[in-house]
Amino acid sequence: MMSDKNVIFDIQKFSMDDGPGIRTIVFLKGCPLKCPWCANPESQSIEPEIGHHYTLCQECGKCAALCPQHAITMIGGDKKLHIDRDKCVVCGTCVKNCIYRALSIYGRVETVDNIYEEVNKDRDYYDVTGGGVTLSGGELLAQPDFAAAILTKCKDEGINTCVETTGYATPENFAKILPYVDIFLYDMKSLDDAVHQKWTGVPLEPILRNLDTAMASPSEVVIRLPLIPGVNDYEENLFATRDKLLELNKIKPVRIEILPYHNYGEGKYVMTHRDYTLKDMKRHTPEQLAAVCKIFEDAGIECVLHKS
Amino acid sequence: MSKIDYDRIWACGEMSPRLQALRDEWQDADVYICADPERSFTASYKETEGLPVSLRFGMAAAKILDDTKLLIRDGELIVGQMNDKVRGADIFTAECPQSVLNNIARGSFDRKYSETSAALCTEEDMQALKEGAEYWVKRVPVNKVNAALVHEFGPDHLDLMQDRSMVFEGIPFRADPEMSIWGRTCPELIGRGRSSYRFEPCRVGLKKVTELVQAELEAMDTKGAGWMKPMYSRPTPWEKRAMLEGMLIACDSVINWAHRYADLAEEMAKNETRPERKKELERIASNCRWVPENAPRDYWEALQSIRFMHAASQKEKTMRKESALNRMDQDLYPYYKADVEAGKLTPEFAVELFECFLMKTREVEAWDPEVAEMRHSQGTLLPDITICGKNEKGEDTTNEMSCIILRAMATMKFSEPTIYIRVNDKMDPEFLKFAVKANMEHRGGCPAYLNDYLGTQKWLDYGTIPEAECYNWQTSGCLGYHLNCGQHIGGFMHLNLPKIFELALHDGFDPRMQKQFGPHTGKFADMKSEEEVEEAYYKQLDYFADRITKDFEIRHSLEILNELESPLNCVFWYDTAIRFGMNPVRGGTDYPETVTMWLGERGTTDIADSLTSIKKLCFDDKKYTPAQMLEAIDKNWEGYEEMHQDCLHAPKYGNDDAYADDIFKRVADNNAEIMLKRPDPITGVKRVLFKGAASAHLYFGTVLGALPNGRVKNQPINDGGVSAMAGYDTNGPTALLNSAAKFNSYYYMGNVLNVKLSRENMNTEDKLNKVVALIQTYIKKGGFHLQINIHDQEELIDARHNPEAHKDLLVRVGGYSANFIDLPYTLQDEIINRTNHNL
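Residue numbers (my numbering), protein chains in the order written: chain A, 88 to 395; chain B, 2 to 840.
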């Protein structure tokens, strides 16, 4: 019945930043958006792909010699080797034969039961801290049936559920997960459709529509603003976001979380042989961040600044 | 004032200019080796030939105190220096003359393994040490212990000792008498200062103790000693009299020492032009005039009294000056409360006084003989402070003093003492949050969190100790625990479990010594399952556990006869020592079951991970045969790079992965069962196991070849307790805690779990609460001892290369804190490699 590929790329324990309490995050692979600041570039494609941990690589050349597709070339320098992604069929030969564990596959097919079993191991910590599971990505709504199945299982077993989402999905797919989500961490990157399309590659409208649906549901909603210098940190957008928050708060209490831009993910661009286009981007100063928060706080909106 | 004002105490976090100046001067001071105690001690011994050891030792210790030079540093409010240097290590050579002569021959008292600067020693002091050592080295008697052991088990028994194969590790296990340390050289000749500090004599005052001793002496005169049946369980009258006289000498010497400080302070006050300081000096003089002779009248006097008594117990120790400070929040609270309620003391000043006390405690330096250097970092004296804990009524005893102690420690950021918190379910979460904040500010894994319930239950289960006493326990040494009513002396015997495992892989043969030590338990190459390998290891362990127990019977019998004759120790335990006429460690105690054998072990993680590799690679995946694996480890992986990597990347304990954890739990539980099979050979009660966690894991590694967990030859084994293999617990702290909690802590004391968190894990109130929950949950799940290190990897790497810029950086190694830059490079690298749980 499920048509999804059921691909995740990581399960991360002891998360303190994505939802209340101590949480376990399940990262689903695949995302329809193409945000250049993305901190998880390996999450973007739903297809499995080879990652090259260049710091561990000893440049022995074994992988290049054994690759049946001849997709690997030893190039030396910092990157050490190149993988021709068009030729690579992710057969895993190189991964299996790398004795230094410098090659890995991002993305694995996983069953709901296995995921639940892993999530359930930290139940004691959820119970004391009000934590639970958080589905993240990628975009979990790219695998709506799979996401719904994980959420259903966890919720049925009494584990608090949270999703970190762009909100970009058809109403039908959004409706699949809605009843099983306790908390939405809902991205609001820009309220200007042109800007949104330019940077993320998708229109704003479906996102706002699904937000309305979430607001009409019993789920808790938290708005998240990834604050990207020069993209959405100008006053006009911040004021628009503030006004949107004020509007939402008329329906039910909604706070905003500011996620300052950071480049921790840059290494993973190298590892998956992607270009990081924001190389010269400067991170916000604490003063700038405080000023952003003040816009919301002055309007009486609860605002949480994430530290990066 | 039952309600704790957390915010007010926390706000006392700014170091006062007084403490800043004292701390800076100390930080920059050179470490000196001081030979004054050598002169006093040896001179006294030359004059007391023929007297009972207890009296001789007492007289020599008193002479050390009488001759001690004084120093009152500008600004300090608590006084009582070891000598006249800011950082001076007192030594006397009687217990390890050869080691001293070796250092003199090398031309310096360097710190061989830590590669930091050598301690300084004046020409004159060097000469005095040389003369003393030459006197003592000629008097090293025949090693009675080894003679008895060879008689019982044959000469091969000595091959098990630390300086040979190191199947047995610990202070006393030396085949070569010259390598003996800590008084094992000639105990019957000099006795041994091993007094354990206790607050009790401070509370009543030494005058009171003196009166009680005199009354007992008088009773002996008027009624006789009453040496009746059973005669041999009692001291002879002259032994008892000598002990009582020794106690009088000890009391007098500490009182005189304090009075000399009073004189000095008075004189300094006269010449002091700054009115504020003049007042302080007058107060110091009055404190020293009054305590420890009399019962303290207020908080300041109580602290000063503790300082004198604790320092006196350190003064009489040759090299290592180990002595725990016990439950200081309970001891001090009545004075603090009364003073605050009377309006005589503010919490702010109470914090500053406590900081002054910590400064004094930290100033004490020690120098370890070369054979001990690798076991622990230099200058680690373990003056543990224990706080909080439930009482027999089930109430948590946390008080404002508990917070003051944590606040002062976080501000001063010393590597010692470590503060141990007895965490229980009645504890206010606000207090734990306060502790985590202090932990974060201090950074060096202090405070440590202990399971109060388990700690008490172990004593209750003896069934012979009154309930109230069982609740009154505290830490001592590196991960030892003792009741306030009973002295703990064990904790120095360890089995080198990975060594025993290595023997099991080689059919009882030690590849390093090229000798058969263990029984034949089968060839690894012929084994058909992981269980078979495990079984061979258990048989080896059973053999050596039996042997170490029999060894202990002889060793401890001779020690009871010959050692531990410090009259000051009888002062600390005056309540029972006078009544029994015996030093508590020789039987002058109501609860001999607390003076029982502690059998330590280290290396369960290495064995479990090795068995996991074997199971995975040899028997499940069948990628290698046992013969191939044996060949690879015997060749230290040379030519076996792929197998080495496969072993390193096999499943590892600490990731909440049943494949590895099940083996860990089984090995740990079976270890306990085998080692507990035999009771304590002296008392017959169930003995105590502990996973001592001092950095002896470095030492253990030096006798070991490669292991199937991927470890290479001679590298350190994993640090103590239930920590995971460094760098291989990649699943975060909850997974590590879950793995550790699967293991049954009940039979062990001192099974520490080191968790590393970064500052980012606790940079908001909300996250602090989560860390509190992490601690509570681990304890609730049955974990015994948790330590949280806080720092980031970059900082450590920088400290590795630019130590001068990181003098303040503390880290937690096993059971205690140390200055990072003072650690051996191998240990520095290990800590850097340890997973940084920064998500």
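Hints were generated in silico from the structure; no laboratory data involved.
In this text the structure is predicted, and so the values were computed from the model without any measurement.
Note that the Cβ used here is the ideal one computed from N, Cα and C, for glycine as well.
Incorrect hints may appear among the rest.
To be verified - No more than 27 Å apart at the CA atoms, straight line, and that leaves these computed lysine-lysine pairs for BS3-like:
id, chain 1, residue 1, chain 2, residue 2
1, B, K687, A, K149
2, B, K687, B, K743
3, A, K183, B, K743
4, B, K743, A, K149
To be verified - Example chain B residues on the side facing chain A (calculated, C-beta under 8 Å, incomplete):
id, residue
5, S45
6, A736
7, S759
8, N762
9, I833
10, N834
Results for each hint:
1. B:K687 / A:K149: violated (57 Å)
2. B:K687 / B:K743: Holds. B:K687 to B:K743 sits at ~23 Å (cutoff 27 Å).
3. A:K183 / B:K743: violated (32 Å)
4. B:K743 / A:K149: Violated. B:K743 to A:K149 sits at ~40 Å, over the 27 Å cutoff.
5. S45: Hint violated; B:S45 Cβ to chain A Cβ min 59 Å, cut 8 Å.
6. A736: Constraint on B:A736 satisfied, holds at 5 Å.
7. S759: With a minimum Cβ separation of about 11 Å from chain A (threshold 8 Å), the hint on B:S759 is violated.
8. N762: Constraint on B:N762 satisfied, holds at 6 Å.
9. I833: violated (15 Å)
10. N834: violated (14 Å)
Comparing the model with each earlier hint shows violations of hints 1, 3, 4, 5, 7, 9 and 10; every other hint is respected.
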